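Which chain is which? The protein sequence lines are S and U, in order.
Taken in order, the first sequence gives residues 1 to 426; the numbers are from this note's numbering.
Taken in order, the second sequence gives residues 427 to 1027; the numbers are from this note's numbering.
For the record, the hints were derived by calculation from the structure and aren't laboratory data.
The structure displayed is predicted, hence computed values, not measured ones.
Every residue, glycine too, gets a C-beta built ideally from N, C-alpha and C.
Treat the hints with care, as some may be off.
To be verified - Going by beta-carbon spacing under 8 Å, a handful of chain U positions derived as facing chain S:
1. Asn-568
2. Phe-569
3. Asp-571
4. Gln-786
5. Val-836
6. Met-837
7. Ile-929
8. Pro-946
9. Ala-968
10. Ile-974
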Amino acid sequence: MDKSLLLLVALGGVTRYYLQNFHWIGERVEVSTPINSFKRVQEGVYLYENGIDPYLGDVVHELPVILVLLVRIFNSISNFVPLLYVLIDLMTATLLYKMAQQFVRSKLTEQKFESSEYAVGTEELQVQATDMNVVPRCVILAYLFNPLSLLSCAGLTSTVFSNFLIALTLYFLVKRHLLPCIVCLALETMRNLYPIVLIAPVILVFTQRSKNTFTSSISILALFASACFAITGFNYALINSWSFLDATLGFIFFYRDLQPNIGLFWYFFTEMFEHFRTMFLITFQMNATVLYLVPLSLKLRKEPLLLATVLIALMSIFRSYPSVGDVSFYLALLPLWRRCWKFMAHNFVVFCFFVVTLSMMPALWQLWIYSGSANANFYFGTTLAFSTGQIFLVTDLLFAHVKRDFCLRNGLKVYVDGKEAKIILE
Amino acid sequence: MELKIKIICFIALLVSPIGAVKEFSEFHEELYIRPTSSGHVNTFFQFTTRWHYGDRENLHNTQLIPRPIAETLLLYDVKELHIGLTQGLWRYETFGYPVVDSAPGAEVRAWFAAENLTSADVDDQWTKLASTFSGILCASLNFIDKTNSVEPKYSFRPTFATGSKVNVPQFVRYATLPREIVCTENLTPWKKLLPCNSKQSFASLLNSGYVHNTNYHSLGMKMRTICESHNTNCILEFTETANMVYDPKLLGANGDFSLRRLFGQGLNGHCALAKSSKIYVNLDDQSYDLTPLPMYNTTSKRGGSTSTFGVYDIQRLDGDKLFNIAWIKSKNNKPSILLTPPPPLYAHRYILGHGQERGQIVTQITNKHYHALPIVFQENIPWFVPSYMHTLKLIVQPSNGVEYQIQPRVMHYIPGVQRVRPYHLELLFEIPAMSTVQISFDFDYIFLKWLEYPPDANHGHYLGSAIITTQLPIGRNYTAIPIDKHLFVDSFNATRSSYFLEIRTESLILSLPTPDFSMPYNVICLACTVVALAFGPIHSVATKRIVIEQKDGQPQSLKGKVLQKLFRRKQNNAGNSTKEVEQHEKLLFGQAAADISIRKN
């Protein structure tokens, strides 16, 4: 990293540290959910210190290992806790930068082998040497100065830890370090359940060069499962009770807290008929995890990182307690696919969706909760529109990738009978 | 058959006097009337039945005690039970302390004790007990279950005695239903539990039209057992109380009042089964003249304060006339300001904050005594009020001086779980002399499922009152009956080293944010549509092939585009475009391109 980048990182850190003075940020429902709010972490630390099982109630939803770590940190350097969140977020940004560098490097070497297959005049679609510099910079800028990630860090949400762990996973993934990658992924899965889907890109990456794909995938799965069990066992050893499983994974899966957030779950399950609840709960959780896993893994088996990007995006749209911190993370991954941007048709629409809905949310929340002049439907409408915008973005990226892949091999302009033809999916 | 019954009756007649030697039961009725310093009138009825039933087996044959009460003892291991049904708020600063304190709404508390009793058994018996009394009193006590019951550790002390030598496990359960509205339907079954019903005796004064017109009324029921040794030689005490506060100004006649004005009628005699029937009138407030004058006066010295009582023994009255007592403002008395010192300890509770997102529950306990007092503070917070104990603060505000923070000496906290268990907090601390302690903690407003809101959802949800218990060193304003006694008259001259006091705060009302109750179908449709928006395109990306299509012949005008969109399907069916194009594709780009497109899909 050169000096200008270090300067950027420092600027990102200072901005975050400054924004932490605004305590209302951490109280916004868009930023803090029952899973990630700092208030609940504080409560967990308080209960743990007073000898009360934090998982007896339903306020604390953090893994015991992280909780105990935080208790230690609160005890020793309580004044520097906000700084810790900033540091972790900056580390996430740096990891993403390194990851992007490695990604572009490997893309460039990959291209050398395949360049004979490319059509003429598609330089625009190929990864260029300049991307070595531009793409990582875009990634780190998109993470450091995205208002959403600034808000998430300023609100001291534990999404900062989640993003860090996923960034670590991705970093080890492109660096091809199997064990650390699996451990980070297992830890994040035990915290938030949804990252379990990222095992698919992990398997794809690490079985690419092996001869017997099936055996090596099974062994990676076994490794992942044993890592999960080991983490569970370690957590059990820390507090001597299994209650944390229900407080973390159970709480996420069964969606017990109906506090509004930017996702689809809250109003849906508020208004749900009780006898349909279980069915829709399973449907929605499948939608957030396994539903797209198999088709996308088959389709994107050549591009595991794109698969990871899309899966991270889908899980932050469809998870039960999404926050803007999750959104900011996959937005930072988009510059990796710079060479697909040419085919992304809805950029402007998505941008408008994001800007309008994100600025409407606080206004309608104020009207509903404080003024009492609007009702829940207004806020639900904006969160619905926000999800729609995100979905447009993800599907657009997928279509763009497919088109780029086609055009890379067939040229930018395809002619039928000497006339220009267009590409459609059928 | 008939003969058999006659023989059994005969034997029973022979046996009963023998049994009566061992067991006895007595019934007392008392009425206490006291004008308060605020100009209100407090009337307190107490009906006490004391039954020395001896063995457990004797519980099958009841005399003065209502049968359901005795059966409760047989069925459940309950040793002590308190039920209160209250409407209105007892204002400690102006009314003083009540004889029996009760939280607004319905309140139940019971002690269970038996050998080999487990907590799970008690949970089961507790809900059954509440359901039983729900039927007996026609109150919604059947809504008491694990979601609103707590197990206080420090707040309550048992007043029963098992008499057992070995350590018998004891369990206490406590629940409040602050939303409960007390009405005639509760008063009538409550009166039916009395041996003389309501035709005669003091209970005839409790006419629902008048009872429910008061500023405060509370029906109480208390039961306890005292055994000399385990399950033998036992006494069952069953007390029914009715506590009311009237505002004489509302009754008319410029502050004068009488039994007839308060209750709608005079007293028609006493219960024939009663051992004593007495009316006690507090004579401390000398601005009233009484007609007729009390039969005799007694003075009670208790804990440093002296009170005078006038006594009317109703059993000594003769004649069929309805008995009436009138309090008439003395004419010769100059208008004077009564300087009644406020009670040594009182409390208030509020919800702070605006909006429906975050709030703070604040309880202020004021100590007017010139010594520090030990306090047990209990909060039973419903599951829909998630509270954050890391925000718990105890701030002492001395009446003159700077406020400072203290730490509770002991804290007992069981965090709640939504829809499963309430939050239960007990704090032990010492409140310094002449100061106020402010206990505050934050909570969140939560969002319930649409069917969990009560009818009239925007009315709000109730939070039961907090309970504050202490040991008072002085007896000022204190009227409760000592733990070892059972009649109101026993509180006269009952000086003890300390006085166990229980006070309750206001119950709170919390307006939770509501969803739109008319929306379920719309919400399900809209949310599923958004999911489908993702499912459709991702599905087609994953399953469909890329094909190229001719661009020519596309009309540029909007109308033409729409028409083309509409009719394209038909054209496809006619088979004149795509398939041809695919063939063209093969021709134009050779086999490789087609292979790529197939492989990619």
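Any hints this thing doesn't respect? Which numbers, in order? 1, 2, 3, 4, 5, 7
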